[in-house]
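The listed protein sequences correspond, in order, to chains A and B.
Going by the working numbering, the letters in the first sequence line up with residues 1 to 73, in that order.
Going by the working numbering, the letters in the second sequence line up with residues 1 to 399, in that order.
These aren't lab readings, by the way, just hints derived from the structure by calculation.
A quick note: this is a predicted structure, and the numbers were derived from the prediction, not measured.
Here a beta-carbon is modelled for each residue, glycine too, at the ideal position from N, C-alpha and C.
Misleading hints may appear alongside valid ones.
Sample of chain B residues facing chain A (criterion: CB under 7 Å; computed from the structure) [stated by the list, open to error]:
{"no.": "1", "residue": "His113"}
{"no.": "2", "residue": "Gly214"}
{"no.": "3", "residue": "Val345"}
With a straight-line Cα cutoff of 30 Å, these simulated DSS-like cross-link-like pairs (lysine-lysine) come out [as the list claims (entries may be wrong)]:
{"no.": "4", "chain 1": "A", "residue 1": "Lys44", "chain 2": "B", "residue 2": "Lys236"}
{"no.": "5", "chain 1": "A", "residue 1": "Lys44", "chain 2": "B", "residue 2": "Lys322"}
{"no.": "6", "chain 1": "B", "residue 1": "Lys105", "chain 2": "B", "residue 2": "Lys236"}
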Amino acid sequence: MIRIIADRDICISAGNCVLAAPAIFDQSHEDGLVQVIVELVDGKECDAVYEAAEACPSGAIRLVDDGGSPTGV
Amino acid sequence: MRSSRAEPIPVARTNPFNPPPDLARLREGLGGISPLAYPDGHNGWLVTGYEEARKLLADARLSNRLELQQFPVAWPARDGFYGHPTPPGMFSHMDDPQHAYFRRKLAGHFNTHTLKPLEDTIQEIITERLDRMEDMTPPLDLVSHLAWPATTQVICELLGVPYEDREEFHRLNEVTASLETSPQQGDEAMAALRAYFLELVRSKRAHPTDDLLGVLAAGDDFPEDELVGIGFLLHKAGHETTSNMFALGTLALITYRDQWERLCQEPSLIPQAVEELLRYLSILQFGVQRTAIEDIDIAGSVITAGQRVTISLPAANRDPSKFEDPDELDISRDARNHLAFGFGVHQCVGQHLARLELRIGFEGLTSRFPSLHSAVSVDELHFAADMHLYGVHRLPVMW
Chain A
1 MIRIIADRDI CISAGNCVLA APAIFDQSHE DGLVQVIVEL VDGKECDAVY EAAEACPSGA
61 IRLVDDGGSP TGV
Chain B
1 MRSSRAEPIP VARTNPFNPP PDLARLREGL GGISPLAYPD GHNGWLVTGY EEARKLLADA
61 RLSNRLELQQ FPVAWPARDG FYGHPTPPGM FSHMDDPQHA YFRRKLAGHF NTHTLKPLED
121 TIQEIITERL DRMEDMTPPL DLVSHLAWPA TTQVICELLG VPYEDREEFH RLNEVTASLE
181 TSPQQGDEAM AALRAYFLEL VRSKRAHPTD DLLGVLAAGD DFPEDELVGI GFLLHKAGHE
241 TTSNMFALGT LALITYRDQW ERLCQEPSLI PQAVEELLRY LSILQFGVQR TAIEDIDIAG
301 SVITAGQRVT ISLPAANRDP SKFEDPDELD ISRDARNHLA FGFGVHQCVG QHLARLELRI
361 GFEGLTSRFP SLHSAVSVDE LHFAADMHLY GVHRLPVMW
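Let the sequences and hints guide you as you build the complete structure.
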């Protein structure tokens, strides 16, 4: 299980996460800042979430394993 | 720390679709970062490696302010630009937190939701252009009949810039984008463009419109001079790049015909083909420029505070450590995480708009003109080695 933590102070509204994992991420309609639709993912969904974290240009997406330690993305 | 003599940025291409081969030579011989000689005699750094480029693009110790910056090749038209304070509103050349203020206010207009309604508009514009092309007898120039007018229309519609003024601002933008115009010509063109946007902003304040510049002008987030800078930046960046990608991308596909034919048969590949073309062509041919405001240790070198850094997006996007057989155009590869739009907080704010236009454009071309081919051989074409952005000046096509 991966927990997604998105920092809206760092987010620059690029929307790359939405493209990578549209079931997991959305952008606010007003300012485009990241919204995490599903905070805990596992199994097949993890691939798209890793893609989203890698594609984030500002580093706003952190992934933490369910035990609480960072996965190193 | 390795020592080697600083060289000027390689500019000579041997194949019009590939970056200068000396960029790869530098990366192979010296690693992802090597000493760079700038035209004003100072030495800085050239980044050619993908990992190094990605790291540095996200590094807050590199400033994007214009007063600290110089371009890696002589660009006389921008003498009044580089080495001078960033003009008001030109947030692309500000650092955080000032840059973040602008970015936050503007990014909302380019997000995935805002662009949905624009999709229909883009489709109409492309369809109308293709209808007109069909009624004409080939050969005709794809740049002046499709790539440029379509992308110009889209950004004009989004921003609320009168499309009927396109000939004039095309002329002025060309002067500022050319590497061969004089400082005086560059200054005059910049001044004319600023005057144009000042008048436009004032008219929108007086008579509100519901386009992007109209909404900004009606609000009080930005004073007049900043709106001028924002308008000029978004307008210029919003069509020159996409126009060049559309024309040059079409040329690359029809030249490497198996790629074109595959795309015509499998249009579902178009979105990933767009990413691969962005990677393969990397039209920001001189990369992006930064200046260190603190020392940075990277890949065995030290960028000292005050030194300039040129991050070569074309070189990074052809790094074999990231992309297998990087010099091959392959629309079946996964080219995501290319650096054509940059990375870090300055990553292109219009990237989704660009993707949308290119997707719709290629969908139209492949479905309606599958027999499209160049009317002249590739070595008869005039490529934009003389401009800030790479592209092809004219592309005569037949079908």
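Hints, verified against the model:
no. : hint                 : verdict
1   : His113               : holds (5 Å)
2   : Gly214               : violated (18 Å)
3   : Val345               : holds (5 Å)
4   : A:Lys44 to B:Lys236  : violated (41 Å)
5   : A:Lys44 to B:Lys322  : holds (24 Å)
6   : B:Lys105 to B:Lys236 : holds (19 Å)
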